[in-house]
Structures are given as C-alpha cells and as structure tokens.
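Novice: If you read the protein sequences in the order shown, they are chains A and B. Just so it is clear: in the first sequence, position 430 is 430 by the working numbering, and no numbers are missing. Just so it is clear: in the second sequence, position 149 is 149 by the working numbering, and no numbers are missing.
Hints in this document: simulated from the structure, not taken from any laboratory.
With a straight-line cut-off of 16 Å between C-alpha atoms, the simulated EDC-like cross-links for lysine to aspartate or glutamate are:
1) A:Lys223 - A:Glu315
2) A:Lys149 - B:Glu6
3) A:Lys331 - B:Asp49
4) A:Lys83 - A:Glu35
5) A:Lys328 - B:Glu52
6) B:Lys56 - A:Asp322
7) A:Lys331 - A:Asp301
8) A:Lys331 - B:Asp48
9) A:Lys399 - A:Glu546
10) A:Lys328 - B:Asp48
11) A:Lys331 - A:Glu315
12) B:Lys60 - A:Asp322
13) A:Lys187 - A:Glu152
14) A:Lys551 - A:Asp404
15) A:Lys328 - B:Asp49
16) A:Lys268 - A:Asp377
Using C-beta positions, here's what the derived DEER-type ranges look like:
17) B:Ala71 - A:Asn329: 17 to 25 Å
18) B:Pro31 - A:Asn329: 34 to 42 Å
19) B:Thr119 - A:Arg199: 27 to 35 Å
20) B:Glu117 - A:Leu18: 55 to 63 Å
21) A:Arg357 - B:Ser36: 50 to 58 Å
22) A:Ala17 - B:Ser26: 46 to 54 Å
23) A:Gly197 - B:Thr28: 25 to 33 Å
24) B:Thr28 - A:Gly403: 55 to 63 Å
25) B:Arg142 - A:Glu156: 39 to 47 Å
26) A:Gly574 - B:Val141: 46 to 54 Å
27) B:Ala121 - A:Ile196: 36 to 44 Å
Quick partial rundown of chain B residues pointing at chain A, CB under 8 Å, derived from the structure:
28) Gly8
29) Ser11
30) Gln53
31) Ile62
32) Asp63
Ideal Cβ positions, reconstructed from N, Cα and C, are used throughout, including at glycine.
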Amino acid sequence: MQSHLADGPDPNATDPALLSGAEITIQALIDEGVEYVFGYPGGAVLHIYDALFQRGDAIKHVLVRHEQGATHAADGYARATGKCGVCLVTSGPGATNAVTGIATAHLDSIPMVVITGQVPTPVIGSDAFQEVDTVGITRPCVKHNFLVKRLEDLAETIRKAFFIAQSGRPGPVVVDIPKDVTDPNIKIPYIYPRDIGIRSYNPAKRGHLGQIRKAVETMLAAKRPIFYTGGGAVLDNAAAPLTELVRALGFPITSTLMGLGAYPMTDKQFVGMLGMHGTYEANMAMHETDCLIAIGARFDDRVTGKIEHFCPHAEIVHVDIDPSSISKNVKVQVPIVGPVGSVVTDMLSILRESGGRPDQSALAAWWQQIDAWRGIDCMRYDRSSPMIKPQFAVETLYKVTNGDLYLTSDVGQHQMFAAQFYPFDKPRRWINSGGLGTMGFGLPAAMGVQLAHPDAQVACISGEASILMCIQELATCKQYSLPIKVVLLNNGYMGMVRQWQEFFYESRYAHSYVDALPDFVALAQSFGHVGMRVEQPDQLESAMREAFAMKDRFVFLDVIVDPSENVYPMICAGKGHHEMELPPTMSERELA
Amino acid sequence: MLVENESGALSRIAGLFSARGYNIESLTVAPTDEPSLSRMTLVTSGNDDIVEQIKKQLNKLIDVVKLQDLAEGDHIEREMMLIKLKAAGPDREELKRLTEIFRAKIIDVTEASYIVELTGASRKLDAFIEAVPEGLITEVVRSGPTGILRGAKGLTL
Numbered sequence: 001m002q003s004h005l006a007d008g009p010d011p012n013a014t015d016p017a018l019l020s021g022a023e024i025t026i027q028a029l030i031d032e033g034v035e036y037v038f039g040y041p042g043g044a045v046l047h048i049y050d051a052l053f054q055r056g057d058a059i060k061h062v063l064v065r066h067e068q069g070a071t072h073a074a075d076g077y078a079r080a081t082g083k084c085g086v087c088l089v090t091s092g093p094g095a096t097n098a099v100t101g102i103a104t105a106h107l108d109s110i111p112m113v114v115i116t117g118q119v120p121t122p123v124i125g126s127d128a129f130q131e132v133d134t135v136g137i138t139r140p141c142v143k144h145n146f147l148v149k150r151l152e153d154l155a156e157t158i159r160k161a162f163f164i165a166q167s168g169r170p171g172p173v174v175v176d177i178p179k180d181v182t183d184p185n186i187k188i189p190y191i192y193p194r195d196i197g198i199r200s201y202n203p204a205k206r207g208h209l210g211q212i213r214k215a216v217e218t219m220l221a222a223k224r225p226i227f228y229t230g231g232g233a234v235l236d237n238a239a240a241p242l243t244e245l246v247r248a249l250g251f252p253i254t255s256t257l258m259g260l261g262a263y264p265m266t267d268k269q270f271v272g273m274l275g276m277h278g279t280y281e282a283n284m285a286m287h288e289t290d291c292l293i294a295i296g297a298r299f300d301d302r303v304t305g306k307i308e309h310f311c312p313h314a315e316i317v318h319v320d321i322d323p324s325s326i327s328k329n330v331k332v333q334v335p336i337v338g339p340v341g342s343v344v345t346d347m348l349s350i351l352r353e354s355g356g357r358p359d360q361s362a363l364a365a366w367w368q369q370i371d372a373w374r375g376i377d378c379m380r381y382d383r384s385s386p387m388i389k390p391q392f393a394v395e396t397l398y399k400v401t402n403g404d405l406y407l408t409s410d411v412g413q414h415q416m417f418a419a420q421f422y423p424f425d426k427p428r429r430w431i432n433s434g435g436l437g438t439m440g441f442g443l444p445a446a447m448g449v450q451l452a453h454p455d456a457q458v459a460c461i462s463g464e465a466s467i468l469m470c471i472q473e474l475a476t477c478k479q480y481s482l483p484i485k486v487v488l489l490n491n492g493y494m495g496m497v498r499q500w501q502e503f504f505y506e507s508r509y510a511h512s513y514v515d516a517l518p519d520f521v522a523l524a525q526s527f528g529h530v531g532m533r534v535e536q537p538d539q540l541e542s543a544m545r546e547a548f549a550m551k552d553r554f555v556f557l558d559v560i561v562d563p564s565e566n567v568y569p570m571i572c573a574g575k576g577h578h579e580m581e582l583p584p585t586m587s588e589r590e591l592a
Numbered sequence: 001m002l003v004e005n006e007s008g009a010l011s012r013i014a015g016l017f018s019a020r021g022y023n024i025e026s027l028t029v030a031p032t033d034e035p036s037l038s039r040m041t042l043v044t045s046g047n048d049d050i051v052e053q054i055k056k057q058l059n060k061l062i063d064v065v066k067l068q069d070l071a072e073g074d075h076i077e078r079e080m081m082l083i084k085l086k087a088a089g090p091d092r093e094e095l096k097r098l099t100e101i102f103r104a105k106i107i108d109v110t111e112a113s114y115i116v117e118l119t120g121a122s123r124k125l126d127a128f129i130e131a132v133p134e135g136l137i138t139e140v141v142r143s144g145p146t147g148i149l150r151g152a153k154g155l156t157l
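Same shape as in the complex, but just chain A (with noise of 0.2 Å):
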C-alpha cells in the first residue's frame, strides 16, 4: 500500500508557516489527507482540540460514545476504503479505552494512526491525573508506536507513523503526545517531510522472481490443486488479478474469513469458506490437495485444525508481505515474500509467457469430486422451522439486499451464519473481527463503514450479547444521522458461547444465557431511531424491506431467532479438517 500525501506545503517554499504543537497535529493530518478523525476529546488533548476547532471543516471529527467505538469505527473505514483510520483520544482511560480496539486493527492488520494526549512531560512517571504508559500498554498490540518527547520531532513522527501504518503488512501506530508538547503558545516552523527513510523498516516492493516462477510450475503440475486466500488479498487490492489467476487456471478456490470477497463468492469455482465453520467441499479438497496456493492468508489455527493433519499430501507455495507469517504455524516449499497483488500479477504473466496449462483431465477429476463433496449440501437447516432461523435471516438479507452491501458483524454464531450465507462478490464489503473476535465490534465499525460511503447500504450484523458491548454508539449514529441497519440475530443466548457449552460441557450453560435484555425496540427509539421486532418467518422479508426502504433513517431490526440453533459444519478442537461434524440429516432431526 502506498501512502497518499495530499498537496502541503512545499518544504522548499520560502518562510514555513509558524504552528504550535496543536496545530501541526492537525495540519499533519490535512497533509495526509484524512478525512474523518473519530475521537474523544480529554484533559491532555484539549491544545488539540481547539487547534481543530479552529481549522473549521478542514477535517470533520466524529465524535464518538465511547474510545473503543472511535477505534472500531476509524478500522471499519479503513476496511472499507483501504485508507489509513485515524482516531484521537485523551490519555489515561481514553487510552486504555482504546487498547480493544486497537489490538482488532492489529490482528487484522488494519492501517490505523491513533493520536493519544498523554500528560505533559516534566510530570511523566509521577503518577499524575489521568496518566498511564501508553506506549508501554500499547506495545504488544501495535506495529509500532511513538512517545513524541519534543515539539521539533512532531512532524516527522506523524508522517512516519503514517507510513508505516499503510505499508508492508499494515497495521495501527500509536503516536502519544504529552499536553506540553502541543502548547498553542509555543510555535516552530512548520514543515511535513513528504519522503520518509526508516534505516530499519524496507518492505518488499515485489516478489522474487524465480520462486513466483517456480510457484507457477508447481501449480501446473498440480493434480488437485486448490488457492487458500486470506485477508492479505484484501488489504493489497489484489482481487482483479487473484481473480483472473484463478479463472486462467480453472483451480478451485477458498478463503479464510478475513478474505471473503477478493474473490467472487457466487462464482462456480468458489468452494466456500476454509476452516472451523468452513464448507465441507473446501475443507475436504484442502485434505486431499496435492498443491496448496496460500495467498495472503496466515494458516490460523480456525482454518488449520490440528496440525498434525493440515494437508498432508500438499506441495504448499505461499505469498505474503510478511516474512515472519511464513512457515511460522505450517512449513512451506515455495515461499514468496512480496505485496500479494504485484506477485499475483507476476504468477499471471510468468503463466502465460509459458504458455502452459494445467493437467486437464486432472482437473475434470479433481472437480468431479469436488462436486460430490458439494452433494453433501453441509449448510443444510430446517427450512421448514415455525421459527425464524439464522441462516434463513440471512439468507433473506442477501435477497433484500440484492447482495450489494456493506456488512459489518459483531462476533459469535451471527458471524459465522453471515460469512456462511451472504455471498460477497466484492472485496472490502465484508467487515468483521477475525483475529481478535472482538464483540462491539460491528455497530461503530459500520459507523465509519457508512461515513466513508454514505450512499451505500450498510448493515451491521449481531447477536443481543455483542450489540450491548458498544451500545452507546447508538446516540453517534444519531448525531451523525448515519442510516445503518442493525439486524439482531436475538436468540437470547451468547450462541457460539451456548454452542460449545451444548458440543462439550454437557450442555451445562453457565452464564450464557443473556437475561434482562432490553426491549430493544424502545431502546432504539429512545435514541431516536426506528425499532421493529420480528418474530415469523413469513414476515422477515416485508419487515427487511421496509426497513432497507427507509433511506435516511437508521433501523433497528429484532429479530427473534431459533436459540437452538447451531452453527455447521463444525471442526471441533484437535481435528482435521476431515473430521467435520455436519448438520443433522432430516431424519436426525425427527428422530431427536
């Protein structure tokens, strides 16, 4: 990913104008051209909010509820835009409010700056007012952070923060200031270095070329090959050529939960998801693969299983920005170390300069059991139910929808059904926690989700248990007049939770059950918005409709659901991926 200043000063312009600390925060800001700054203001912050203040409509601040809402919504506009999310929050607890969120962007390698105000610098270590270590709090979850000790190095930390946050495989940086250093009082020249070196930090601007060569041999020689694609393919905008790659070839494909989208989710050589909750075809084929094509995609324990039994006859290649993603949980023999869009693209025309084709009988019988596997239909459910199911929820989302939408999901069973039954032919639509699995998540995300494209449908899909975690963004979406819909999966239970207490504690379900819940409905409307319940299956869809129709509002969907359900296919703790569990059959059901 490559930055993009907008037009600053020119360094080499006569008389740089003269700026406090405050001002060049947020004159930095407009030179990186940020759009929306989510935050909270604070004691320590408080130079820089009035610097803003002053600057008018030059950057438009968000201001959120809660800290980790202004993480969450800063990630789910870098998610859906590919741009660098930008928050601002107080020391101390603002701080500390925002670690969750921060440590989402970090799993998910998500470009964030995130500016905290700390307390000035003679009182630093002294336990003053609203003082904590927030580079040393925040450290572990960051791709890298910065104490700005004097006013002189504040730009420069800026621009580097923003560079590092959007390059190699992205991530969040934190850049904590102490109040003194943002003094309106004190000003010093102002200059934004536009081209930034970091001796320590040069990330692969392209693949090695023998091995993408040797890449493209192992794949035509492959019998049963199938592409793994993860998150990477989306953070690096390689679905146009994945997409043709794949198509060139006639490979099946799957894809983690962090990748859905790079790759047309209806196209016929889409097999489904991989892993813990994946499809029955794609976790069977990537058993039985000969030649594994991992693009951008970490081997994550949900999409592994054990180990021990991870593709035991693959040939595996493997292309990510990351040095350190490969061969850390899976050994590899081709590894390729590059932005996965530019090696994509590579592998694309090394291909066809050879001139070379896949076995294609090979193929033919490859697909052939692939298609069988298919006939086993795992994501079957009780279409027949008197009560709403989750899958049928979604289902009927994807239909109302027309599958043009931006969906953010809190986590838990809801997640699961929505990466399981809403088709993405689109990257970057698809907006979810899926290293950290943090609930909350969904509601502010689909904040910063809807700011980034206020025209386009955004929803945001939860359970009761998660929606509650950053309820309090309700009043942001309001002030914001942002007309997300909430679709609560409300089955009265932590599902995922409930789910494994039913497969593996005897069905002993301690705490999962979500008593004295809201009527959600009132709560809605107590913030202004529109509520609706629905509890039968034959009104899901005018009730869907209805609310999709009303534009400009935001609505709040409750929809009761069957809290039996489970989600499947299901590979539990210490299998394979041969080892699924699979829904219950018809028959099953009726004899339970």
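Starting from the known structure of chain A, arrange chain B on it as the hints suggest.
Specialist: Same frame as chain A, now just chain B:
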C-alpha cells in the same frame, strides 16, 4: 543485533520474547561507535524452526536495524565475570594460584577477600566457579556473552 539507540527499543525486544514465549538466556547491550546505534548480543535457545521465527520476528521490529545469527558462522564469544571470593588464611594462596592458572586478574584485595576478573568463553567462567573451593564465593557478576563473527566482514549499516 544493531538496534536504534532509543528508549523503548530494549523493552520492545524483551516484550517480543515474553509475548511469544521465547527464552532469553542472556542479553548484553551498549552503544556502538555510531551513537545512534546500540549493539545487542542475545542468547536464546530453540530448534531451527523456532530460531528462524525469532529472527523473523526481531527483524520485523522497527527498532532492529540489523541482525546476525552468530551460531550460523565461525564466531568468537566472550563473557566477563567479576567474582568476589573469601580469601583468608591458607585459602589466599590457593585462590591466587587458581587465578594464575585461569589467567584471571585479582583487581581488589582486602585482608579477607579478593575480587577476581576473568574474561573468556562462558564455559571457562563456569569452570573457574567450579574450581573455587566450596564456601569461598561471596558474589558472582557475569556480563553474559557478547559475540562477533570471525573474518573481515562486519555487522555494520
């Protein structure tokens, strides 16, 4: 490793080891002739895959400028020890002899004690400790090993 001579660099490196469950057996660090850089010698253990992953993770840290695995090549390792010994009566002569055998130096003397300085491979330091008669050691200070690759090539920018 050459690392940025900045506050925070050391804790990033130490934090990486604890966060990912790797062991630091010893660590020495001091600024180099280039004041913006510190040189760090870190001793860790693990099989080839773990060591490979440790190197990749360290290289990913923005404060780590250059890294070299000394164990991969022919290298020299030295550690310094300062050891305070009870040196009274007949032990004085015995300890002085031991110091000569090990080519160590006595750098502080009182009526009842010696401080001995000894530099060498860590195993040599272990051997010296082993050789001191029981009950005579008051205090042991070891620097942890530092190392350098043999030959003309240097670990520089």
